[in-house]
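In terms of this note's numbering, the sequence shown opens at residue 1 and continues consecutively.
Note that these hints are calculated values from the structure, not bench results.
Careful, some of the hints might be misleading.
Said to hold, decoys possible - Simulated DEER-style distance windows between Cβ atoms:
1) A365 with L71: 19 to 27 Å
2) S203 with D420: 43 to 51 Å
3) S88 with T361: 37 to 45 Å
4) F226 with Y108: 24 to 32 Å
5) P147 with C280: 46 to 54 Å
6) H23 with F226: 50 to 58 Å
7) E367 with Y269: 48 to 56 Å
8) L71 with S177: 19 to 27 Å
9) T224 with R438: 24 to 32 Å
Just so it is clear, the structure is predicted and the values come from calculations on it, not from any experiment.
All residues carry an ideal CB built from backbone N, CA and C; glycine is no exception.
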Amino acid sequence: NPTTEGDSPLGFDIDPDEVGLPHFDRAVIDRFPGLLSDVLKVAADDREYDLMLLSSLTVLSTIMPGVSGMLKKQLYKPPFYTLIIGPSGSGKGCINVVRKLADPWQDYIFDISKAKVKEYEEQKELSDNYKAQVRAAKGKKPVGLPPEEPVPVCQKRLHMSGYTTTARMIEQLDVNSPYASFLYETELESVNNTIMQDFGGYSYVLNQAFQHERIGCSSKTNGTSFIEFPELGFLATGTPGMLLKLIPSTESGLYSRLLIYRITGRADYQPLTSVDDTMCSVRYFERLGQRVLDMAVHLEKSPTFVVFSDKQRKRLDRYFEREYNNVRVFGNDDVASVVLRHRLIIFRIAMTLTGIRKGETKSTAEEIEILDDDFDIAFHIGTRCLSHSLLVSTSLKHSDTNQRHKLPDAQVDLFDVMPDEFKTSDIIDEAGVRGISRSSVFRMLKKAQEYSLVVLVSTGYYRKTEKGKNVKK
1 NPTTEGDSPL GFDIDPDEVG LPHFDRAVID RFPGLLSDVL KVAADDREYD
51 LMLLSSLTVL STIMPGVSGM LKKQLYKPPF YTLIIGPSGS GKGCINVVRK
101 LADPWQDYIF DISKAKVKEY EEQKELSDNY KAQVRAAKGK KPVGLPPEEP
151 VPVCQKRLHM SGYTTTARMI EQLDVNSPYA SFLYETELES VNNTIMQDFG
201 GYSYVLNQAF QHERIGCSSK TNGTSFIEFP ELGFLATGTP GMLLKLIPST
251 ESGLYSRLLI YRITGRADYQ PLTSVDDTMC SVRYFERLGQ RVLDMAVHLE
301 KSPTFVVFSD KQRKRLDRYF EREYNNVRVF GNDDVASVVL RHRLIIFRIA
351 MTLTGIRKGE TKSTAEEIEI LDDDFDIAFH IGTRCLSHSL LVSTSLKHSD
401 TNQRHKLPDA QVDLFDVMPD EFKTSDIIDE AGVRGISRSS VFRMLKKAQE
451 YSLVVLVSTG YYRKTEKGKN VKK
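Could you put the whole structure together from the sequences, leaning on the hints where they help?
Take a look at the structure:
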């Protein structure tokens with residue numbers, strides 16, 4: 001049964017459009033590498049700027065051959081997952097042109113692979129002909145050295161569609177190695193419809209590929225196979241209703257792996273312009289795609305290991321320790337993994353920005369410390385999208401068909417407005433005004449003690465610690 005407002009740990013229902021999720025701050029993120037700056041020149045407004053920024057970074061993260069880094073003693077590559085959520089007619093379709101950035105690189109890898117497949121087929125034909133001659137000669141070896149049995153070669157196709165069977169996805173991830181595959185869908189419905197079929201339940205593949213975890217597949221027809229280090233990027237758009245079908249609950253591991261952008265606010269009509277009188281806009285992204293290809297070819301020849309500076313690590317730890325404690329204490333502990341994985345997403349964005357700069361300058365440095373500008377950009381995007389993800393997560397906690405949103409930081413705000421010393425009755429009274437239940441307050445106070453945010457001075461009296469005084473700073 002859906003939680004009633006009186007029992008809610010997060011207060012009253014809210015309209016996400018009234019929250020006013022802010023756009024990215026251009027004062028922070030306008031220090032982009034030249035390639036990204038050129039991509040964003042065509043953005044018509046702040047919303048389109050945000051969507052094209054996220055989509056272009058996601059696309060480019062899949063075109064970083066040889067770029068890697070370590071986080072928590074594990075090797076990671078740049079590709080990450082992005083999901084843009086908004087109502088119909090909210091402007092999600094603007095990202096489709098950004099896909100063209102990947103076309104030259106994907107065609108380049110396809111053509112190289114096609115030539116290798118042709119070479120394999122020719123060698124296989126020679127080997128088969130030799131075996132046929134041996135059989136015809138009844139065991140007598142033909143004149144000349146026997147040709148070697150060639151190793152099978154399959155065609156690489158880096159682009160994947162949402163309508164893909166699980167077996168085919170696993171096979172293609174394996175074939176495409178060591179390059180990243182890219183699953184792109186402007187209609188999340190395609191992914192939903194496939195995942196609901198027996199042949200297309202590939203949610204677990206998405207989960208494991210995000211972490212580069214070993215993926216196994218076993219069937220009577222194809223036998224058993226493994227992918228040791230899958231690489232996959234994912235970009236899709238959809239409506240709030242489509243999201244519920246893909247991820248009905250925050251218990252789904254896929255939700256914590258997504259960088260989510262929730263389109264809010266009024267959508268304005270976009271008038272037609274004279275830019276449609278020529279093919280210039282299409283050719284513009286085709287030319288940018290050629291620049292991406294040049295960048296990728298250079299990166300493949302010059303491996304890159306990306307690292308944080310100590311200052312950057314400490315800034316990440318300060319922020320994410322606070323956010324992790326907040327979701328654990330203030331009624332959102334089911335999304336703790338969302339917080340932790342955004343730390344990895346920030347690292348992957350920073351790796352992508354670092355790779356772009358190296359590719360543009362044709363640097364040959366093997367180990368590169370993330371520039372402070374690139375860290376600031378990645379940190380800003382990751383933390384801003386974390387607020388989007390936490391907001392959207394509140395709508396996934398209900399099993400009824402009507403989506404309801406809450407303020408994800410309702411308990412944080414409640415705790416923050418309390419004075420440095422307060423009584424239990426004071427915080428319960430304030431919680432009642434905010435629509436937060438008594439039971440939620442007592443659970444919060446218990447966890448606040450466990451995480452050293454408050455100390456119990458005497459029965460019914462609490463004092464905030466220094467950490468507790470800074471839950472929103």
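Practice task
Kindly indicate which numbered hints from before are broken by the structure, ordering the numbers from low to high.
Solution key: Structure breaks hints 6, 9.
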